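Student: Here is what each chain is made of, one letter per residue.
Number of protein chains: 2
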Amino acid sequence: MSAASKVRREQPDREIVVFERGRHTSYSACGMPYFIAGQVSDSDQLIARKPEVFREKQNIDVRINHEVIKIDVDNKKIEVTNIQENSTFWESYDELLIATGASPIRPDFEGIGSDGIFGLSTLQTGIDVFEYIEKHSPKKAVIVGGGYIGIEMAEALLDLDMKVTLFDMAPQVMPTMDKDMADLIAEYMQESGVNLYLNEKLDRFEVKNGTVTSVLTDQREEEAELVVLGMGVKPNAALTSGTPIETGVKGAIKVNKKLQTSVPGIWAAGDCAESYHLVKKEQTWIALGTVANKHGLVAGINLSGGPLEFPGVCGTAITKFKDLEISRTGLSEKELEESDIKYKTAVIESRTRSGYYPGSDKITVKLISEEKSGKVLGGQIVGFTGSAKRIDTIATAITAGMTAQNIVDLDLSYAPPFSPVWDPVQTAARRLV
Amino acid sequence: MSAASKVRREQPDREIVVFERGRHTSYSACGMPYFIAGQVSDSDQLIARKPEVFREKQNIDVRINHEVIKIDVDNKKIEVTNIQENSTFWESYDELLIATGASPIRPDFEGIGSDGIFGLSTLQTGIDVFEYIEKHSPKKAVIVGGGYIGIEMAEALLDLDMKVTLFDMAPQVMPTMDKDMADLIAEYMQESGVNLYLNEKLDRFEVKNGTVTSVLTDQREEEAELVVLGMGVKPNAALTSGTPIETGVKGAIKVNKKLQTSVPGIWAAGDCAESYHLVKKEQTWIALGTVANKHGLVAGINLSGGPLEFPGVCGTAITKFKDLEISRTGLSEKELEESDIKYKTAVIESRTRSGYYPGSDKITVKLISEEKSGKVLGGQIVGFTGSAKRIDTIATAITAGMTAQNIVDLDLSYAPPFSPVWDPVQTAARRLV
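Note that the protein sequences, when read in sequence, are chains A and B. Number 68 in our numbering belongs to position 68 of the first sequence; there are no gaps in the numbering. Number 150 in our numbering belongs to position 150 of the second sequence; there are no gaps in the numbering.
The hints are simulated quantities; they were obtained by calculation from the structure and are not laboratory data. Check the hints yourself; a few may be wrong.
Computed list of lysine-lysine pairs in DSS-like fashion (alpha-carbon distance at most 30 Å, straight line) [said to hold, decoys possible]:
hint: 1; chain 1: B; residue 1: K362; chain 2: A; residue 2: K57
hint: 2; chain 1: A; residue 1: K208; chain 2: A; residue 2: K135
hint: 3; chain 1: B; residue 1: K344; chain 2: A; residue 2: K6
hint: 4; chain 1: A; residue 1: K201; chain 2: A; residue 2: K140
Treat the numbers as computed from the prediction; the structure is a model and nothing was measured.
Work the whole structure out from these sequences, hints included.
Tutor: Structure (structure tokens):
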């Protein structure tokens, strides 16, 4: 929708048709845990713009409940199912943008299709969880997977006074962080009442009358009246099969920096498409709202004649568990261990504000630089209120190719309510020079 | 003390003598308003390290209550007054670092020397204000000057339930911001109960029995039981007079990037010394704790053999008035109007968090870029909780020479509790491309 809006602004007379298999457009998927927790009072608040607004105010022909099932590249047309009428038709195009997003991974465990087991992806899945909780008042919740969705849902379900158990087969939560930083998060989750079991593999779900009753791992059985799956996502690239549209990293649709696919006239943007990784210097696949929005803008401009390039991503991400903030950018030590790059790391503990200022709290910053050049390659932050947005300074520095000494030299802001006199990011950088 | 500590770490056997005319070392002058407001319970909390700790743990010969009054450059010695004994002696040096700081400007208005009128500079001046309030319980306070100290003291004195009146002869508060941004601050100060009078010139102080009773401007008389002067600061460079040590911008001591003065073997650092301005590309004078600390580190390394250069400053600063956060970096429109540079500005209003997330509030970002190159020259932020530290992203981008498009492309962090999907800094940048 972001691309469609951009095209409309650039080309007031162009015909724009959008097919959406669900019922909603332009919503904040990231807001779902907070809606489920009751912090956002109405799911409509998560919607930036409804289909009728696109139709009426922007003259964009949005057709919800329509799923595109096939692309005929040679004849420049697509096959579409009208889900409500259960009918199918062909629509022609001059240019096609694929923006099909990503879907939760749902491995084929016994009982995974039962009632009470949810993945989170579309707004509808969030509404489904919310309504299930309203109706059944579950008291025992199990979350499978300790990534972004897993820890955000752990916070949400604790807020709703459930007993929350989280399983992950990895030895840590938050796989995009290094274990030393993830351990700080795990510790705080346990202190806050989450029953956290790492190194445990999901085995199957116990089901009674079609509804989940417990989760079995390779080590225990845990009763569950609600199960949330946070086992990662995969790009929705099925439409490319049987076409010459190439896929790449993790099955995402291959695109160049203009977001063109391998087939002229066909573009891809958002969670279904690749991006270029500015630090790895190779194609990557990152399913995140920020990246998707930038893709939308760039695709929209290029569909209107362009040209604009999307330079790429650093892998920046942020979240929180209760008042513990978490962020990361660039490469982790884990990622670097798999490369040939020689690197140095610094992990420092500092304060979010001047130590004497009320509300000053703990922040831990990990910074990684290339041994030879001193260039900063990655950063990770775990700390209390006011910590995590500091990752933007590191992301900006990495994008600019700055060294740790360059970060030490930065003229960052300081006043007692905001920071120690050396910002924690600089304190970490000082350890690397 | 920061330089002295660095020298000690680098050269364990070097003789280091420090003369300090006051009683305290290594304290946070920026914390004084919060101590006066009662948010910091004890002035000792503002002290990072006491003289006896430097003496005992670091073998640094700190002599408090000793004022250096003369430098004999030819014979490499300084004349020192022992203030308590009222005696004078000469001390020789191999290398000399001048770190005499800055002092509040106290123009020669009638009655300005009276009891109840305070400037804020050393920790002792903060303690003096605190003790005066304890003893006299003033109910009516007048602040002269609407800069950093003025607005921080306005918050502090409102917290203490005083009637607070603030005069500034300029048409705006916060002279380092542009008027459009400063007006947002002024409006909020007035809403919060500050009697704000702009465009009013201080005339004189009414005094009774040696104590201030009212403040007269060119337009009114305002009763005052306590007056705080926030009329700016000037570098303490008097020691250079009668020596070949050159002074420069606003009378600050001229230094190169190594912090050497014009006389070999003599260095200057902190609020008494110049810095290089990375955007103006000329020498500047900025009296701020962050800059002073960096000067200390660089001077310490160079005094120990070095070499290290201090690349310069962007003019980054941050403060708050109650829950309204304020920050700036680079050049303001006001500064640019005085130059030959052609520029573009964008002022946007956005939200600190996703609009639907609890606590989401208003943030205004002003961004300025060079018309021809697109390079970002400056930024200003006024907004509620979570706004102001975003200035660090802009400061980093400016230091790296980034354009507005580069900022749009940055991979900044987003999750509903932290930001809209386009960070407000990027929303401003989008208006400039």
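Student: So, for every hint listed, does it hold in this structure?
Tutor: Tested hints:
1. B:K362 with A:K57: Between K362 of chain B and K57 of chain A the Cα gap is close to 26 Å, so the pair holds against 30 Å.
2. A:K208 with A:K135: holds, 18 Å
3. B:K344 with A:K6: It holds: about 23 Å lies between the C-alpha atoms, which stays within 30 Å.
4. A:K201 with A:K140: holds, 19 Å
When each numbered hint is compared with the structure, no violation occurs for any of them.
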